[in-house]
Every structure is written in structure tokens, then in C-alpha cells.
Amino acid sequence: MPFTSQPRFLWFIRINEGRREKGEGRRSLAMMPLIRQCRATRVPGGGAATPAASRLCEKEPLVLDVDSLSVKECESDEELLAAVRLRIRTFYDEFYKSSGGEDQGRHLEERELQALKDRIDGKRIGFKRAACMNATLPLSPSLRHADELCSACKFSQNGEERIVVATLDVNQCIKLADELTGKRPEVPGASLMRAYLSNVCVARELQRNGLGYAIVTKSKIVAYSWGINDLYVHVAVDNEAAKNLYRKTGFVYENEEPTWQARFLGRPRRLLLWADLSRINL
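According to the UniProt record's numbering, the residues represented by the sequence shown are 1 to 282, in order.
Just so you know, these hints were derived from the structure itself, not from any lab.
The following label-pair restraints were derived from C-beta to C-beta distances:
(1) S278 / E256: 18 to 26 Å
(2) D65 / E110: 30 to 38 Å
(3) E109 / I174: 25 to 33 Å
(4) D118 / R269: 23 to 31 Å
Listed next, the in silico PhoX-like pairs over lysine-lysine satisfying Cα-Cα at most 25 Å (straight line):
(5) K175 / K243
(6) K154 / K117
(7) K117 / K128
(8) K72 / K117
(9) K183 / K243
(10) K154 / K72
Yeah, the Cβ is synthetic: ideal placement off N, Cα and C, and Gly gets one too.
Using the sequences and the hints given, assemble the complete structure.
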């Protein structure tokens, strides 16, 4: 399926669903050290990484300063680009590294940025409204060991440099291509009376720290302000961490993708989860 047929990252998200929200089940946003994990890495023609190589990754833990965290709708093109770059490094990381070439990376950024802007500006058929939600932190010494993240996902706001550390889209639309469609509300003309979350991701350096919970919760408030009572999200059936996150934010099971469809699309089978915003304290 061409990337242009839907919010751009959804196809790759289906393949990478099991990685993007891994461990984002915590609600606490208290300041805590974030443990940087080092995994054994195989090199073509070689074995696993040696203990000496692994020790190179042993750096001081990152700390999330909850007082400086901001979770809100994107406000500028520069911030949109920072969000796009976070999505690319999350969902396209292996593809980008294997393909090589800065030109290809820039082309991917430009394409995804334009697609996101088109949805937000109401230029996509079938989309009534869309918003890019970002969680951001100020550039500070506490992020000194996340150089690549800070370089890629930095933007300026009111004279302050900030970093996009989590992002997602809220889409008020008829449906997302190749995804299950919600059943609620069960009234005539309901196709544009529901919304879907998509492209949910958290910077790998700051996972397991409640950012997923924070940004999903904020997205529900935005959807409710649009007059939406029925909010949906798709999740891989084997992604327990993401399912726990959505369960804690008020989503429940509604439907699931048939096995044949998932096999045809070459992805893990998906569940459709629903949240009734009219019954949730926002």
C-alpha cells in the first residue's frame, strides 16, 4: 500500500507496533533515573557484542524533569518537523540506517512533513480534522547523553530550545486506511463523529517514564473539545505493554482484525480499542 494513502506512518507502525510503546504502562511522571539499556548487537560475519563494547554504553542515567514537561498541540512548522523526525527515528530507524544517504533521509522528512501538514490543514479527503500532539522538554544538561535525540528533534519556542520526546496524531476522520473502523456512535452520519489515535511514539531514551500515559491522556482532552465522545486506537494483539497503557487510559476492547487480513497485510493481527470520552474524567 502506498504511504500516501493514509497518515504516513501507519503502515510502518503496523510492523513496529510491538516496539514503539514498549513499557509505556506507567502513570507516574515523577523525576526518576532512566536506565539506558545496552543490548548485544550482532555484526555481519561476527558474534554478539563483547562485554567491553557493552560497557561503552554505560552512561549516567537520564532524568525526566516533570516540572518542565509540556504536553500540547503542535504550534509551529519547526515543531512539526521535530515531531516527524522523532517518528522517523522510531519507526523507520532500521530502514533509514540500511538505506543510507542523507538525501533519502531528507526526502523522507519532507514527504512525511507535507502529509502531516495536509491532514492538519484539512486537505486530505475523509479527514475533517487532525492534530499533532507533542510532549516536549527544554534542552538541558539532564539530556546531555541523548545527543542524537536533541540534535534531531530540537525546535525553538519563545526563544527557548525544546526537544520533542513523545508524539501522536488525533484524527477525526471516516477511517484510517487498512484499519478496522469503529462502530460507535451508532447513529446516522456517525462516520465523522469518531476519532482515532495514530503514530504514537516515545523517544527510546525516555521510555518507561509515563510519557505515553501523559500524551494519550492529553489527546483525549483535545478530542473531547472537538465534540468527540468515541475515541479509537489500534494495537497489535501481542503488544502487552501498549495494551496495558491504553487500558489504563480508559480504552476497552471493541473488535479485532481477522487472521487472514493480518496475514495479507504482512503484519501482526490488530485489536481495535475504544474509549467513551463522555464517561471519563478529563
